[in-house]
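Knowing the structure of chain A, use the given hints to seat chains B and C on it.
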Amino acid sequence: MVVFDKPKALADVQMHYCPGCTHGIVHRLVAEVIDELGIEGKTIGIAPVGCSVMAYDYFNCDMVEAAHGRAPAVATGVKRANPENIVFTYQGDGDLASIGMAETVHSAARNENITIIFINNAIYGMTGGQMAPTSLPGQITQTSPYGRNVNECGFPIKVCEMLSQLDGPEYLERVAVNNVKNVKNAKKAIKKAFQNQVDKKGFSLVEVVSSCPTNWGLTPSNALKWVEEKMIPYYPLGVYKDRSSK
Amino acid sequence: MSEKVLMKGNEAIAEAAIKAGCRHYFGYPITPQTEIAAYMAKRMPKIGGTFLQAESEIAAINMVYGVSAAGKRVMTSSSSPGISLKGEGISYMAGADLPALIVNVQRGGPGLGGIQPSQSDYFQATKGGAHGDFHMIVLAPASVQEMAELTVKGFELADKYRVTSMILADGTMGQMMEPVSLDFELAEEVEKPWAVTGTKMGRKHNIVNSLFLKPDQLEKTNIERFERYEIIKQNEVRYEEYLMEDAEICIAAFGIAARVARNAIDEARKQGIKVGLIRPITLWPFPEKAFADASNKVKQIISVELSMGQMIEDIRLSVNGKVPVTLCNRTGGMIPSPEQVLKAIINANEGGNE
Amino acid sequence: MANLTFQVDKCKGCGLCVEACPKGVLALATDKINKKGHHPVEAVKMEACIGCAFCATMCPDCIIKVER
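Going down the list, the sequences are from chains A, B and C.
Everything in the first sequence is counted per the numbering used here, starting at 1 for the first residue and increasing by one.
Everything in the second sequence is counted per the numbering used here, starting at 1 for the first residue and increasing by one.
Everything in the third sequence is counted per the numbering used here, starting at 1 for the first residue and increasing by one.
Chain A extracted, bound-state conformation:
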């Protein structure tokens, strides 16, 4: 009996991500959820600008490539055009929490019936490791070579906490993919975020605390330890909003 295999919604191609990059895990989880809900034929994915820009080649559903930060606006258009389609965005921290902050906040405030998968790895990966809106205080990056100085660069943005203050969004949860248990929890959250859309409940965002071994300068294994020891204490995992649970 096959107990684990590549999900059908994931394209059978080699992904371009660096060795040990957890984008691949999250891609797979999204594809597994699409398979399990049987929605591949009506799902439209919106790829961001950043490391996952080429996500459009990795999912077998219809895909759109959006401008940097604009994925929630593009998703809004796609969803409003054909409300029966299931529309998700897949965005990194620079895309969602910096240049696209307005699109993120307002799509949440409108309770737009879309699903957002938000990868928080505290760095700009594609451009070679610059400081992100979610980089930790003191974190060394190419553009914070002496460590993120919060007096000059400000503090990291906690997206789930911030959006939870809005009346709009349906569901906000932060998960991580640093070990088997957390990956399984991440999948549950992603599944709920898609199921909410199927059930027409509205805006659902899952923040996935992830790793970037290459730009953190760590081995894949040590990068996951860094997630455990540094990231998760600053970005506590859990449900930040779930309207339907009340």
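Hints may contain errors.
Unchecked claim - Listed below are the simulated SDA-like cross-link pairs for lysine to any residue, each with C-alpha atoms no more than 20 Å apart in a straight line:
| id | chain 1 | residue 1 | chain 2 | residue 2 |
| --- | --- | --- | --- | --- |
| 1 | B | K343 | B | A290 |
| 2 | B | K200 | A | D35 |
| 3 | B | K233 | B | N320 |
| 4 | B | K204 | A | D57 |
| 5 | A | K8 | C | K65 |
| 6 | A | K8 | C | M1 |
| 7 | A | K230 | A | G217 |
| 8 | B | K204 | A | G217 |
| 9 | B | K19 | B | G48 |
| 10 | A | K8 | C | G37 |
| 11 | A | K200 | B | G49 |
Unchecked claim - Covered by chain A, per the in silico footprint, the following chain C stretches (three or more residues, Cβ under 8 Å):
| id | segment |
| --- | --- |
| 12 | 13-27 |
| 13 | 44-51 |
Since the hints were made in silico from the structure, they are not lab data.
In this text the structure is predicted, and so the values were computed from the model without any measurement.
The beta-carbon is built from N, C-alpha and C at its ideal position, and this holds for glycine as well.
Structure of chains B and C alone, referenced to chain A:
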């Protein structure tokens, strides 16, 4: 003859868009085009359409990108500073070959500028308007009837050629009230097999995208797009001539400037001066041949513009030095008066070409 | 009896599966390189495999098929 109703230019655009099958409008408030949004806000919910006031011009154009990617007719409208913000999305739509209608009811610039009518976004509209190799089809109405007709035409051309169409109007055209007939003959809507509507597990996935990391591929897509532009240039040039048969002086003007120019031309004719008008209706593709032909028989072309002189460059390229091309203009929200244009005509008639 | 199948040439040798395995079944093949130039994963103690799929759960490149 169909029934006519009295409408503002901005409202005529909105109603014509609905008649053309547009059911999705996204915008952000800016003077002097707000009537379009207000009209859509009233009408769209009653016909099962979407009106959404976006958080910014940038978000609005990206919502347009999304609807267009999904294969539906969609539009946005704004005025000059807002169009600059839409530039990013306009370029991405060009790169992804997505059709849409964009309305620019121009006001004076640069910067925040003013809120009075202007034509100073001519360069921006006709030369692409944002980064990269691309063009939009640019339509310049000179009456409320044309505001409506060119809106319908804009949607049809956009779908036919997979480009964005822009209505380049100005504050005067937007606010002007005239009787208008909204009885259009609509072309058959084109199929959009490239749209993202879900694979229904029956085809390979569609990808709407403007990223081509391999330079030879990007070059190829740009060349293919420009081959389509050549077809547009051959088939879609539109302009109107007025009293050009025996003209010795040619006025070039579009939009509100053309209306002013006609008054001046009528007055000059009374004084026995043989002057006519070429009014470009498509600013891109530009009616190059009309001006080249005119340069064989007139002694001067006067470009009347509400800018520091932008269309004049395309006229000069079209006539290639054959006749002098002079400028009669106001800018910053000011409109040339018929007297000013008449003076320019008399000056040209007396041999002045400064 | 469990069985593991690897798409060897897609392996990037990150080792996350090796770390995730509770039974020490997997190791990177330091004496081999795949088409992409990585030391790919291989099963060195297959008889110990319990088919828990922890390896596949942590594999970012989805190269492991697990049967039980």
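Status of each hint after checking the structure:
no. : hint              : in the structure
1   : K343(B) x A290(B) : violated (24 Å)
2   : K200(B) x D35(A)  : holds (13 Å)
3   : K233(B) x N320(B) : holds (18 Å)
4   : K204(B) x D57(A)  : holds (11 Å)
5   : K8(A) x K65(C)    : holds (13 Å)
6   : K8(A) x M1(C)     : violated (26 Å)
7   : K230(A) x G217(A) : holds (15 Å)
8   : K204(B) x G217(A) : violated (39 Å)
9   : K19(B) x G48(B)   : holds (14 Å)
10  : K8(A) x G37(C)    : violated (27 Å)
11  : K200(A) x G49(B)  : holds (18 Å)
12  : 13-27             : holds (count 6)
13  : 44-51             : violated (count 1)
Violated hints for the displayed structure, listed by number in ascending order: 1, 6, 8, 10, 13.
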